[in-house]
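Asks: First to last, the sequence lines map onto chains Y and B.
Going by the working numbering, the first sequence opens with residue 0, and the numbers climb by one from there.
Going by the working numbering, the second sequence opens with residue 229, and the numbers climb by one from there.
The hints are simulated quantities; they were obtained by calculation from the structure and are not laboratory data.
Watch out, some of these pointers could steer you wrong.
Label pairs and their calculated CB-CB ranges [as the list claims (entries may be wrong)]:
hint: 1; chain 1: B; residue 1: Phe650; chain 2: Y; residue 2: Trp384; range: 39 to 45 Å
hint: 2; chain 1: Y; residue 1: Leu286; chain 2: B; residue 2: Val467; range: 41 to 47 Å
hint: 3; chain 1: B; residue 1: Thr655; chain 2: Y; residue 2: Ile237; range: 25 to 31 Å
Mimicking SDA-like on lysine to any residue, the simulated pairs with C-alpha atoms at most 20 Å apart in a straight line are [to be verified]:
hint: 4; chain 1: Y; residue 1: Lys59; chain 2: B; residue 2: Ile606
hint: 5; chain 1: B; residue 1: Lys250; chain 2: Y; residue 2: Phe170
hint: 6; chain 1: Y; residue 1: Lys206; chain 2: B; residue 2: Ile266
We put the CB at the ideal spot given by N, CA and C, even for glycine.
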Amino acid sequence: MNLPEPQSKPQPTKGQRSRKMREAIQAYAFLLPGTLILFVFSLLPIGYALYISMHKWRVKRGDFIGMENYLKALGNPIDVLFVLLGLGLLAGSWMVWRKITAGTPTKILAWRIGLAFMLIFGGFALFLGFPKMLADGDKDLFESLLITFYYSLGTVPFQVGLSFLLANILFQDIKGKSAWRIIYFLPYVTVTVASAAVWQSIFDPTKGLVNIGLAGLGFNPDTLPRWLFEAEGVVTLIGNWIGVEVPEWAGGPSLALISVIIYNIWTYVGYNTVIYLSGLGNIPHSLYEAAEIDGANRWEILRKITIPLVSPTTYFLVMMGILGTFRAFNSIYVMTRVAGPVGAPQGTTMTASMLIWKNFWNGNRFGYASALAFVLTGVMLSLNWIQNRISEGRAFYG
Amino acid sequence: MADLTTPLKSSRHYIARDILVKAALYLILVIGAVIAIIPFLWMIQTSFKTYGEHSTRTWWPAGLSLTPYQGRPATQEIVIPMQSAEGWRNIPRSFNPALEGKITINQVSRYVADRLAEKDFSIPFDVLILATDTTDDGIVNYDSYRLTVDSRIVEQFTTRIDGNEMGGPNFNALSVRGRWGPHIQVSNPDPENFTVKVTWSIWRMLFNNFIYAWKDANFAVFMFNSFKITAITIVGVVVTSTLAAYAFARMDFPLKNLIFTGYLATYMIPGAVVLIPNYLIIVGLETFFTETLGIANAWYDNWTALTIPFMINAFSVFLLRQFFAQIPDELYDASLIDGCGHLRFLSQVVVPLSKAPIMSIVIFNGIWAWNQLQWPLIVTSTERWRPVTVGLTSFISEASAETQLIMAGSVITTIPILVLYFFTQKTFTEGIATTGLKG
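Isolated chain Y (complex conformation) (with noise of 0.2 Å):
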């Protein structure tokens, strides 16, 4: 049965209307700085940006010269939209495929195991554009991006297994907690120009912490790694230093940006132990002690309380290690100075964002390095996208 409906709200007097008008205003005159800064430092430089991108511009605007800044960077336009199409109908067959396992119909099972096959092969034909992008591309830009890969790849799983390792250490019985928390801690504080001139200079080819380390250790000091100094990729190092030829293709990541790399690590392990710490804190006690009684031992609880639900913790470390790795300037741009001009030794550590400031800076190409910046957003948004797809389901949002 339906109850009468109530009186409709009583119109707002005019008092009423008139304070509402001033409280606007009032609102609006709080909000004017802020949205003054934001608007003409965030916002506005964002189209800017785009307009800057579509001309010839060197210090000064020139002439409009529409996508040509992405072209130069990316190559051919059908290249790029098969790469991506590829890219895309392989990430649709892993959904599919990820599907499959969840209890289904030996008859849809077998449809859709068909259909992933199909999108894999698909998507493996159109990235066979890969290599023409490459060719058609602008170089610099890819050897950047596979320097970037090489960088997020050496830091993040350390970064991550390092300080859940100490967490989980500083999450037991432990003595002196709070202080382990602020040694561990220090690295990440510490003013970043300043702590990569030290680690520059533990690096140092001659007198270096690191080689006179190593010298004491007993290895022979004029054969010492060269480090910042040092071009060649480790994996051929390591190949000169046991006598094995290695092809210049596997040469992996230059000595330098390994160094870069354990500075990273140093930095963010304190801060990633701290987020941790509070992921730790937020599990359930009572889960640990049902666990207990029930006789599960510590790898077990480990494997299945801990881990699980301290991922949505993990997804994020991963998520803000990559995107840190693709926008780290201050450390990279300090430590590698001593072995030459950006990118040194020979542009072995020249990782996007050093690539968008050479082009820049140095080279006063500020279109070019707008189209840059707008490709590497594109970058970072859609691993960003393909970490949240991957993640999906399997952080424990507790």
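On the provided structure of chain Y, position chain B as indicated by the hints.
Replies: What follows is chain B alone, placed relative to chain Y:
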């Protein structure tokens, strides 16, 4: 029999295993802590070394031991026989000394003399004192004394022989920057009875590199600039984001949600994209101010460009809004009855209640502003507003081989942040741990 002893054994075994596990855990923690701390120790230790000590990989800097201080002679006055100098090597003409005198190293520095003897150094090492006539009027009134007492060279003699090199006796000799050398002042400039006062400054013996970085490498200016930039940014951020957060949390106005979404969206904007347009915006503002208003450097190479773009960020607004929204409505109603407007309610009730979130905003933005490198690199061109990060970066190339000076610069740069960290340690780590996840 075996059955009887098993429980005892196993419990012992258990305890032993527990102790082993504990020991292993502590071992891992200690290794981690050592790795985290070693670079700091290296930085501090190196910053106390001399050039020679660093390049010969001496483990412990003599400055941090007692020997040089104990062997230091008392303050003394030495009369030097002066002779006229006839053009002196490759120093520019205007700086040519008119008089030349010598004191031997034995007279002024027992410590250095001993080190020389120890190292079997056979070249006679003299300290030259050159009086220069800079007035060029033919009358000898010496107003500038070139004191080439850079006995750092003594520590360095194995690596540096050429006197004109940086660190050599002729380089930068006007300022007495010798570490193990004494401080020498001319107390009587009369050529007949030329007297110098020789004193030993423990301060300089210990902190020579820091003094050099602070004074000669202009870290004093850079640090002051960084303090100013950070302070202005913090004040700006606190004011703008408190106002904005209050409007979002407690006021009602049209398009509120849209504007708030806009604020949050700026959080996603990548820095690489906006860097170039922002630079061009600053350049544009600069041209506008110079050409139409006649004010040069209103933006470029000034605090405005360094701070104003960072005077608000979505993170701070969001953090404060969350906090302001929790303040009970009754408080506002009560103050409304007392005749308070929004502004007075904000300043007299809300802000005093929100000391904790405002404090974390101050800390985060402060650290962030202090760490800035890329932006000040492109919008400063002189030392007028150059922050310490940029100063240290260029100092690294200037002093390239003199690592001990770079390390001293790094210590100076880091100290304020570390002090802040130790004092606000709890807010700091907890703030990062809780806000980091939600931001």
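Asks: All hints are to be evaluated individually against the structure, with a verdict given for each.
Replies: Okay, the hints, checked on the actual structure:
1. Phe650(B) <-> Trp384(Y): 39 to 45 Å: Cβ of Phe650(B) to Cβ of Trp384(Y): about 41 Å, so the range 39 to 45 Å holds.
2. Leu286(Y) <-> Val467(B): 41 to 47 Å: The hinted range 41 to 47 Å holds for Leu286(Y) and Val467(B), with Cβ atoms some 45 Å apart.
3. Thr655(B) <-> Ile237(Y): 25 to 31 Å: violated (46 Å)
4. Lys59(Y) <-> Ile606(B): holds (16 Å)
5. Lys250(B) <-> Phe170(Y): Holds, at about 13 Å.
6. Lys206(Y) <-> Ile266(B): Answer holds: Lys206(Y) to Ile266(B) is near 16 Å, not above 20 Å.
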